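I would like the entire structure built from these sequences, with the hints used as guidance.
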Amino acid sequence: MDNKIFLSSLCDLPNIIEGQKTLDFRTFYKSVDVAQILFVHNKVIEDIQTKSPEELVRIAEDYNPVLEDQEFLNSLYRKGETKKMVEEQKGKGEKIHYECLKFRHGLAPVAKNIRNIRHKKEPNEDQEEVHAVEKILKDIIDYGFADNVEEELLVFNDDGDLVKVEKVDNKERRKEALSGNQITLNALYSSTLRSQGNYQDGQSSMYSGQQDQFDDATSYRQDTEYNETGYDYDQQSEIQQQSNFPSIQIPIQTNQQYSNQPIVINTGVTSNHQSSTSGPITLSFSNININQPQQTQIQQQQHQIQQQQDLYQQPTQIDTQMTNNLPINTPLYSNEDYSAMKRDLREIKKLIKSTKQNIEEANAQGKDVGELRQYYRTIIAKKREVKTQKKIAKRQLRQDQNVAMQM
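Residue numbers for the sequence shown follow this note's numbering, so the first one is 454 and each next one is one higher.
In short, the hints are calculated from the structure, not lab data.
Any given hint might turn out to be false.
What follows is a set of in silico ranges between Cβ atoms, one per label pair, in the way DEER data are often shown [unchecked claim]:
id: 1; residue 1: Glu-540; residue 2: Lys-820; range: 36 to 42 angstroms
id: 2; residue 1: Asp-614; residue 2: Lys-588; range: 34 to 40 angstroms
id: 3; residue 1: Gln-810; residue 2: Pro-576; range: 42 to 48 angstroms
When the alpha-carbon atoms are kept at most 25 angstroms apart in a straight line, the in silico BS3-like pairs for lysine-lysine are as follows [stated by the list, open to error]:
id: 4; residue 1: Lys-496; residue 2: Lys-474
id: 5; residue 1: Lys-574; residue 2: Lys-536
id: 6; residue 1: Lys-504; residue 2: Lys-457
id: 7; residue 1: Lys-840; residue 2: Lys-588
id: 8; residue 1: Lys-543; residue 2: Lys-496
id: 9; residue 1: Lys-536; residue 2: Lys-573
id: 10; residue 1: Lys-620; residue 2: Lys-591
id: 11; residue 1: Lys-565; residue 2: Lys-536
id: 12; residue 1: Lys-504; residue 2: Lys-474
id: 13; residue 1: Lys-795; residue 2: Lys-588
id: 14; residue 1: Lys-555; residue 2: Lys-536
These numbers were taken from a predicted model, which means no experiment stands behind them.
Note that beta-carbon positions come from the ideal geometry of N, C-alpha and C, so glycine has one too.
Here it is in structure tokens:
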């Protein structure tokens with residue numbers, strides 16, 4: 454160029470470009486496929502006429518464009534790996550061999566950095582960890598599983614600057630959709646509330662697809678029930694006979710006990726059974742008339758008791774046409790119970806982790822870990838029971854959801 458000789462490097466283009474020719478600017482004929490580009494460096498060979506061909510070859514071999522031409526290095530694909538490879542070869546005193554210099558840009562301006570965009574590396578991340586984080590994020594974003602929802606209205610001006618932040622009052626909109634920080638079945642199956650809460654038709658949330666949020670193919674039914682302390686009856690008697698090691702202290706709120714008493718759904722029972730008393734009958738002083746003789750008062754009171762007992766002992770009349778509403782002995786759970794079970798499992802997992810650390814520290818110090826191991830087995834049994842009840846709750850809530858969608 455201008456009677457000067459420059460050094461250059463041959464690089465591969467990201468794609469193959471068709472070279473076309475024309476005579477009238479209307480009809481084009483393909484002439485060649487362009488797959489490489491010649492990058493000219495800012496390195497001039499001086500006194501070309503006085504140098505021999507062997508000297509020119511030596512000058513070209515001694516010139517290292519990757520280390521000496523920064524603009525050329527920035528135009529290469531994976532420039533960091535290429536530079537590292539060249540430095541290693543130079544440090545060993547070996548002859549530098551370029552396997553393939555790949556140009557990262559195309560010829561057109563829109564194809565700038567096209568090779569990095571099309572052939573970028575995939576992130577090397579643990580899939581199980583990613584799925585676990587996605588599940589936690591779903592529960593946080595899901596309208597029904599959030600412990601608290603705050604909405605803010607951000608106001609920006611024309612320049613893109615934040616002007617003010619206004620808190621949106623969503624109590625009225627969430628009043629009918631939420632019950633105890635959990636979305637109710639009526640909110641799930643109502644088209645109006647679904648549209649307000651970003652729920653699509655036939656979906657439990659905008660992320661769940663055509664399936665319900667309590668779907669669990671591995672769920673099964675167990676007859677184990679909780680008592681007032683949260684353990685089953687056999688396990689409680691076993692724990693009471695253990696050593697005097699401190700008992701499990703799990704922060705469970707007393708007002709969120711699992712409601713595992715069987716109930717009758719819908720209107721399968723007649724009004725006579727619904728109006729009857731369900732507990733022991735006691736005498737009250739308000740029913741005694743002090744103006745009458747004592748014997749007459751006792752007779753009237755006994756007559757009232759007999760009427761109530763006859764009404765209570767009357768056999769329950771069940772509509773035979775409603776077979777799905779028959780009373781069962783399986784405990785029925787609510788959304789609040791399901792949320793409490795999830796919270797209990799999280800606390801138990803934290804307790805298991807801390808107990809493992811205590812056992813390892815005791816082993817390192819040479820102490821007796823018999824009581825700690827017994828304590829650890831007790832926590833594991835507690836976790837197993839809560840997990841079993843959680844599966845039962847999932848199955849029952851799923852059945853209630855299917856029934857509500859069919860109505």
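Hints and how they fare:
1. The hinted window of 36 to 42 angstroms between Glu-540 and Lys-820 is violated, with their beta carbons roughly 55 angstroms apart.
2. Between Asp-614 and Lys-588, the C-beta spacing of about 37 angstroms keeps the proposed range 34 to 40 angstroms intact.
3. Our hint of 42 to 48 angstroms for Gln-810 and Pro-576 is violated, since their Cβ atoms are close to 32 angstroms apart.
4. Proximity of Lys-496 to Lys-474 is assessed by CA-CA distance (about 33 angstroms); at most 25 angstroms being required, the pair is judged violated.
5. For the given pair, Lys-574 sits about 18 angstroms from Lys-536 by alpha-carbon distance, which is consistent with the 25 angstroms threshold.
6. Between Lys-504 and Lys-457 the CA atoms are separated by roughly 14 angstroms; this keeps the pair inside 25 angstroms, and the hint holds.
7. Proximity of Lys-840 to Lys-588 is assessed by CA-CA distance (about 18 angstroms); at most 25 angstroms being required, the pair is judged to hold.
8. Restraint check for Lys-543 and Lys-496: satisfied, since their Cα atoms lie roughly 20 angstroms apart, inside the 25 angstroms limit.
9. The straight-line distance between the Cα atoms of Lys-536 and Lys-573 is roughly 18 angstroms, inside the 25 angstroms bound, and the hint therefore holds.
10. For a cut-off of 25 angstroms, the pair hint linking Lys-620 to Lys-591 stands: about 23 angstroms separates their Cα positions.
11. At roughly 21 angstroms between alpha-carbon atoms, Lys-565 and Lys-536 fall within 25 angstroms of each other, so this suggested pair holds.
12. Taking the CA atoms of Lys-504 and Lys-474, the gap is near 39 angstroms; set against the 25 angstroms cutoff, the hint is violated.
13. Annotation: proposed proximity of Lys-795 to Lys-588 holds, straight-line Cα distance about 13 angstroms (limit 25 angstroms).
14. Simply put, Lys-555 and Lys-536 have alpha-carbon atoms about 13 angstroms apart, close enough for the 25 angstroms limit, and the pair holds.
When held up to the earlier numbered hints, the structure conflicts with 1, 3, 4 and 12 and fits the remainder.
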